[in-house]
Amino acid sequence: VFYGSSGSEANDTALRLVRHYWALEGKPEKNRVISRKSAYHGSTIAGTSLGGMEPMHKQLGGAVPNIVHVMMPYAYELALPGESDHDFGIRAAKAVEDAILEAGADKVAAFIGEPV
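Residue numbers for the sequence shown follow this note's numbering, beginning at 54 and rising by one.
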């Protein structure tokens with residue numbers, strides 16, 4: 054258990070620890086983290102990199118490498134015409150699966166998502 058004084062600090066630490074863990078396991082290439090577009094994970098460099106907000110990445114001159122962003126699970130804005138909530142949820146989950154398959158499961162270290 055690690056206690057931080059802020060969400061930004063907790064997310065920075067989580068990113069650092071997950072990459073360090075896989076390096077210690079002899080798999081330094083397992084360093085990609087999947088997050089969601091339009092997510093907010095803090096205002097630090099790692100937090101804004103994890104968040105899929107392009108304007109914030111531009112403020113940094115780019116994001117921390119090997120962070121992959123997938124669609125946000127926001128049916129109100131992203132559901133297709135006539136798409137049920139269930140089908141939208143399946144599509145959003147598939148976006149995560151597709152990102153894992155595209156990168157390769159041997160390269161993905163973690164997924165970070167917001168609680169409900």
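Do not rely on the hints blindly, as some may be mistaken.
[Said to hold, decoys possible] In silico DSS-like cross-links for lysine-lysine, where the CA-CA straight-line distance does not exceed 30 Å:
{"id": "1", "residue 1": "Lys111", "residue 2": "Lys147"}
{"id": "2", "residue 1": "Lys111", "residue 2": "Lys160"}
{"id": "3", "residue 1": "Lys111", "residue 2": "Lys90"}
[To be verified] What follows is a set of in silico ranges between Cβ atoms, one per label pair, in the way DEER data are often shown:
{"id": "4", "residue 1": "Gly79", "residue 2": "Ser58", "range": "28 to 34 Å"}
{"id": "5", "residue 1": "Glu107", "residue 2": "Glu155", "range": "17 to 23 Å"}
{"id": "6", "residue 1": "Tyr56", "residue 2": "Gly157", "range": "32 to 38 Å"}
{"id": "7", "residue 1": "Gly57", "residue 2": "Glu136", "range": "20 to 26 Å"}
{"id": "8", "residue 1": "Asp159", "residue 2": "Pro134", "range": "34 to 40 Å"}
{"id": "9", "residue 1": "Ala132", "residue 2": "Gly166", "range": "15 to 21 Å"}
{"id": "10", "residue 1": "Ala76", "residue 2": "Leu113", "range": "21 to 27 Å"}
{"id": "11", "residue 1": "Leu70", "residue 2": "Ala146", "range": "24 to 30 Å"}
{"id": "12", "residue 1": "Gly79", "residue 2": "Pro134", "range": "34 to 40 Å"}
{"id": "13", "residue 1": "Glu150", "residue 2": "Met109", "range": "23 to 29 Å"}
{"id": "14", "residue 1": "Gly114", "residue 2": "Glu136", "range": "33 to 39 Å"}
{"id": "15", "residue 1": "Glu82", "residue 2": "Pro134", "range": "37 to 43 Å"}
{"id": "16", "residue 1": "Leu70", "residue 2": "Glu136", "range": "16 to 22 Å"}
Simulated from the structure, these hints should not be mistaken for lab results.
Bear in mind the structure is a predicted one, so any value in this text is a computation, not a measurement.
Don't be surprised by glycine CBs; every beta carbon is placed ideally from N, CA and C.
Broken hints, by number: Result: hints 7, 12 and 16 break, sorted rising.
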